[in-house]
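**Student:** Generate coordinates for the entire structure from the input sequences, incorporating the hints supplied.
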Amino acid sequence: GKDVFSSENKYYVVYDNTEGLLATRPITINGYQVGQVSDISFLPEASGKLVVTLNVGNDFPITQGTVAKIYSASIMGEKSISLTVNKGAPLALSGDTLVSATERDLTEEVNMQLAPIKARTEELLDPRTPTTITQIRKIK
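Under the numbering used here, the first residue of the sequence shown carries the number 76, and numbering increases by one thereafter.
Hint data in this document are derived by calculation from the structure and do not stem from the laboratory.
Ideal placement from N, C-alpha and C gives every residue a C-beta, glycine not left out.
It is possible that some hints are incorrect.
As the list claims (entries may be wrong) - Calculated cross-link-like contacts (lysine-lysine; reagent style BS3-like; alpha-carbon spacing at most 27 Å):
(1) K144 / K162
(2) K154 / K85
(3) K85 / K124
(4) K124 / K154
(5) K154 / K144
(6) K193 / K85
(7) K144 / K124
(8) K144 / K85
Said to hold, decoys possible - Quick list of simulated restraints, FRET-style, between CB atoms:
(9) E197 / P165: 20 to 26 Å
(10) V185 / Q139: 34 to 40 Å
(11) E197 / N133: 24 to 30 Å
(12) F135 / G95: 22 to 28 Å
(13) L97 / R203: 45 to 51 Å
(14) K124 / R195: 36 to 42 Å
(15) R195 / D171: 45 to 51 Å
**Tutor:** This is how it looks when you write it as structure tokens:
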């Protein structure tokens with residue numbers, strides 16, 4: 076049974092991909108550590124989905140609909156979980172499942188920022204793209 080004197084609640088989150096998250100990684104709310112990842116395992120129905128077990132201290136109320144987002148905690152790519160509480164919702168009970176989300180990592184973010192620049196550069200370097208010099212020569 077549940078230890079009624081426990082100072083932690085256990086919550087579950089289901090992800091398609093845990094992005095390299097490891098057990099023992101911190102769980103934060105607004106940057107403040109409130110718990111840690113205690114286990115990561117496959118769901119039993121062989122879907123390939125992963126269930127992450129979160130141990131969260133009782134000192135902050137977790138509500139139904141709270142989002143557990145995996146994010147890059149450092150430039151080295153270490154992953155952690157940030158909780159965004161669903162304000163005004165009823166309290167979640169220990170054993171409840173929270174909403175999952177993932178954040179793009181630094182590499183993905185840089186690639187997203189560079190994609191338009193890369194495309195424009197390729198367009199400018201394409202010999203079929205008319206250049207100012209080519210346009211001036213046509214005018215003469």
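**Student:** Now, for every hint given, state plainly whether the structure supports it.
**Tutor:** Hints versus structure:
1. K144 / K162: 16 Å, holds
2. K154 / K85: 19 Å, holds
3. K85 / K124: Cα-Cα ~19 Å, so holds.
4. K124 / K154: 18 Å, holds
5. K154 / K144: Holds. K154 to K144 sits at ~10 Å (cutoff 27 Å).
6. K193 / K85: 46 Å, violated
7. K144 / K124: 16 Å, holds
8. K144 / K85: Holds. K144 to K85 sits at ~16 Å (cutoff 27 Å).
9. E197 / P165: 20 to 26 Å: Hint violated: Cβ distance 53 Å, outside 20 to 26 Å.
10. V185 / Q139: 34 to 40 Å: Between V185 and Q139, where Cβ atoms are some 36 Å apart, the hint holds.
11. E197 / N133: 24 to 30 Å: 55 Å, violated
12. F135 / G95: 22 to 28 Å: Holds: the Cβ-Cβ distance is about 26 Å, inside 22 to 28 Å.
13. L97 / R203: 45 to 51 Å: 49 Å, holds
14. K124 / R195: 36 to 42 Å: 39 Å, holds
15. R195 / D171: 45 to 51 Å: With Cβ atoms ~48 Å apart, the hint holds.
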